[in-house]
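Residues per chain, in single letters:
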Amino acid sequence: MADVSARLDVRTYTGFRAITLLCLCILYAPLLVVTIYSFNSSNSIAAWEGFSLRWYVDVFTGPESAKFKLAAWNSFVIAIVAASVSTAIATLAATGMIRAGKFRLRMLSAGLISLPLMVPEIVTAVATLIFFNAIGFDRGLMTIVLAHIAFCIPFAYLPIAARMQGIDDSFEQAALDLYATRRQAFTRILLPLMAPGIISGFLLAFIVSLDDFIITNFVKGAGVETLPTAIFGAVKQGIKPNIMAISTLLLSVSVVMVTISYFVSKTDKTN
Amino acid sequence: MARQDNAIDVRNAVKRYGSFTALKEVSLSIKDNEFFTLLGPSGCGKTTLLRMIAGFEDVSHGSIHLYGQEIENLPPNQRPVNTVFQSYALFPHLNVLDNVAFGVEMKGASQSEARSKARQMLELVQLSDFSARKPSQLSGGQQQRVALARALAPQPKVLLLDEPLSALDLKLRKAMQLELKHLQRETGITFIFVTHDQEEALTMSDRIAVMSAGELQQLGTPREIYESPRNVFVADFIGETNLLTVVVKEIRDGNAICQLDGGHELHCNEVAGIGVGSSVHLSLRPERVFISDKPRESKSLQGKVSENIFIGTDITTIVNLTDGPTFTVRTSNSDRGSKGIFEPGSDVYVNMEPGAARLLID
Numbered sequence: 006m007a008d009v010s011a012r013l014d015v016r017t018y019t020g021f022r023a024i025t026l027l028c029l030c031i032l033y034a035p036l037l038v039v040t041i042y043s044f045n046s047s048n049s050i051a052a053w054e055g056f057s058l059r060w061y062v063d064v065f066t067g068p069e070s071a072k073f074k075l076a077a078w079n080s081f082v083i084a085i086v087a088a089s090v091s092t093a094i095a096t097l098a099a100t101g102m103i104r105a106g107k108f109r110l111r112m113l114s115a116g117l118i119s120l121p122l123m124v125p126e127i128v129t130a131v132a133t134l135i136f137f138n139a140i141g142f143d144r145g146l147m148t149i150v151l152a153h154i155a156f157c158i159p160f161a162y163l164p165i166a167a168r169m170q171g172i173d174d175s176f177e178q179a180a181l182d183l184y185a186t187r188r189q190a191f192t193r194i195l196l197p198l199m200a201p202g203i204i205s206g207f208l209l210a211f212i213v214s215l216d217d218f219i220i221t222n223f224v225k226g227a228g229v230e231t232l233p234t235a236i237f238g239a240v241k242q243g244i245k246p247n248i249m250a251i252s253t254l255l256l257s258v259s260v261v262m263v264t265i266s267y268f269v270s271k272t273d274k275t276n
Numbered sequence: 440m441a442r443q444d445n446a447i448d449v450r451n452a453v454k455r456y457g458s459f460t461a462l463k464e465v466s467l468s469i470k471d472n473e474f475f476t477l478l479g480p481s482g483c484g485k486t487t488l489l490r491m492i493a494g495f496e497d498v499s500h501g502s503i504h505l506y507g508q509e510i511e512n513l514p515p516n517q518r519p520v521n522t523v524f525q526s527y528a529l530f531p532h533l534n535v536l537d538n539v540a541f542g543v544e545m546k547g548a549s550q551s552e553a554r555s556k557a558r559q560m561l562e563l564v565q566l567s568d569f570s571a572r573k574p575s576q577l578s579g580g581q582q583q584r585v586a587l588a589r590a591l592a593p594q595p596k597v598l599l600l601d602e603p604l605s606a607l608d609l610k611l612r613k614a615m616q617l618e619l620k621h622l623q624r625e626t627g628i629t630f631i632f633v634t635h636d637q638e639e640a641l642t643m644s645d646r647i648a649v650m651s652a653g654e655l656q657q658l659g660t661p662r663e664i665y666e667s668p669r670n671v672f673v674a675d676f677i678g679e680t681n682l683l684t685v686v687v688k689e690i691r692d693g694n695a696i697c698q699l700d701g702g703h704e705l706h707c708n709e710v711a712g713i714g715v716g717s718s719v720h721l722s723l724r725p726e727r728v729f730i731s732d733k734p735r736e737s738k739s740l741q742g743k744v745s746e747n748i749f750i751g752t753d754i755t756t757i758v759n760l761t762d763g764p765t766f767t768v769r770t771s772n773s774d775r776g777s778k779g780i781f782e783p784g785s786d787v788y789v790n791m792e793p794g795a796a797r798l799l800i801d
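In order, the protein sequences belong to chains G and V.
Be aware that the first sequence starts at 6, since it is given in this note's numbering, and climbs by one per residue.
Be aware that the second sequence starts at 440, since it is given in this note's numbering, and climbs by one per residue.
One thing to keep in mind: the hints can contain errors.
[Unchecked claim] Restricting the straight-line Cα-Cα distance to at most 20 Å, the calculated cross-link-like pairs of lysine to aspartate or glutamate (EDC-like) are:
hint, chain 1, residue 1, chain 2, residue 2
1, V, K743, V, D786
2, V, K738, V, E663
3, V, K733, V, E689
4, G, K107, V, D636
5, V, K613, V, E654
6, V, K610, V, E638
7, G, K107, V, E496
8, V, K573, G, D173
9, V, K620, V, E638
10, V, K546, V, D568
11, V, K546, G, E177
12, V, K556, V, E511
13, V, K573, G, E69
14, V, K463, V, D537
15, V, K596, V, D448
[What the hints assert, rightly or not] Derived coverage of chain G by chain V (criterion: at least 3 residues anywhere in the stretch with Cβ under 8 Å from a Cβ of chain V; other residues may be distant):
hint, region
16, 171 to 183
17, 194 to 207
If you're looking for bench data, these hints aren't it; they were derived computationally from the structure.
From the three backbone atoms N, C-alpha and C, an ideal C-beta is built for every residue, glycine too.
I would like the entire structure built from these sequences, with the hints used as guidance.
This is the structure we're talking about:
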């Protein structure tokens, strides 16, 4: 028995180790290089001269620090607002889709909510730009926020809907049976049960908004920069090691978010 | 008219889902302080009726009264009834105490009042030591008792139980049957219990409504249902029985003389609606017949033993009547000395007490 299952184990397949290592390399080698070189004391991006935090200091105090700080602040505010609003909309959408029973065009509605994930981003970017122009909306911070809210909705929707699908109807029925109003049943029972999905949805939307470049670049007004557009602008004038420091900082934010998301979904299983 | 003293009056209740009718004009009354069971196979409409009383399904036609008050248009949270769900539906994010306190608090009590009420209820179901646990940290039987305590805590006028014991193993189920019966007596609350398990229904109920295909088949005490089934469905569904096709030859002094295949004759009580010449079914419980080697009277039926099956407390004997149908006879193991067991192939006579056989409406 043990022999059979050992032979069927995917780890025993020829080349398993090599393929795994190759994939890990392709995925993480560039990130690793950027992270390591962000601690380089050299002015060059290629030659290692020794460990130093000078580029991190440069990010916060150097000549470009004001520009990056403002861009980072913009990115952060946009991501918070876009993630909050899109998560709220996605929660309502999921409640409607999954809790309202069967209704006509339900399949179509589900498709319409997740379709933006499949649409090439450049198409969304161009379309959003044309839309803002058509209605005469002045481009600036507000256009970025609105565009981000729109494209973050499907990202927030997926984990929330998945979570909600796993919550049996009987919990709400039990709450109603025990004299709760519909509102109380939602806030006291359904919402806490959905919380892990909502937090995951929020974090996903936050990350997606934080690092969006294409759509932001199209709809932003002149002079308004987010961190990705500011980095892109800086790179056009040549890559400096401070870009690597900023990238590493952004990477850390993502890692923290993913870790939180992981632990949230883990506490969920002990329910 | 709905009577004040009935716990529940269901009048001509109909439930349609599109073109499918789950419940066809059901009327029944459930008395105050009664342990009432809705019994039937899956899909018979028993759970639909329960959910209509709880308020989770609307009533397509007809009415439901609770102690004289019309309730079929009230939302579930305005009906003084609580439900023990088949899946228990304990709130996973609340501990046992807060689960039980939930209904009391929603009804308007303060949190501390609700919790002290919940503590009392947990004492009643002997789970006081578990109040700080989450439902997932309890066994199935404990979760069941928490669900019960939660539904009883707001002191409903009627408690609805939707197959609450079906997830438990046999031993625990038997214990819970008794506990439920005791709880019902202690609290004095009307219980409406849904099950497909006829033995469970017979054990616990004051009265049983047997349902099939969205219709009420028979309503009565466990004894009435078991001993005087009204029709073929009830006789067949409740317990084990010999269902025989007979022709009524003669009716004399309330006695019907019925003829079986092979010319055998059998006497039973007359049933209104079944006249001379009708070809109907007859139910004869295996434990109400006995076999002997000599005829006891002219009414004994002659046959041959084909098989003895040992089933623990009883022995089941299969008898083929001469040129006639097959008969199942059950002899209690404690009686085998006095009544005798006959080897396969023995010629025997099948006897029965007067009134043991019952004619059935199809």
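Verification of the hints:
no. : hint            : result
1   : K743/V / D786/V : holds, 5 Å
2   : K738/V / E663/V : violated, 26 Å
3   : K733/V / E689/V : violated, 27 Å
4   : K107/G / D636/V : violated, 32 Å
5   : K613/V / E654/V : violated, 29 Å
6   : K610/V / E638/V : holds, 14 Å
7   : K107/G / E496/V : holds, 15 Å
8   : K573/V / D173/G : holds, 17 Å
9   : K620/V / E638/V : holds, 14 Å
10  : K546/V / D568/V : violated, 25 Å
11  : K546/V / E177/G : holds, 16 Å
12  : K556/V / E511/V : violated, 29 Å
13  : K573/V / E69/G  : violated, 54 Å
14  : K463/V / D537/V : violated, 40 Å
15  : K596/V / D448/V : holds, 14 Å
16  : 171 to 183      : holds (count 9)
17  : 194 to 207      : holds (count 3)
Hints 2, 3, 4, 5, 10, 12, 13 and 14, counting from the list given before, are not met by this structure.
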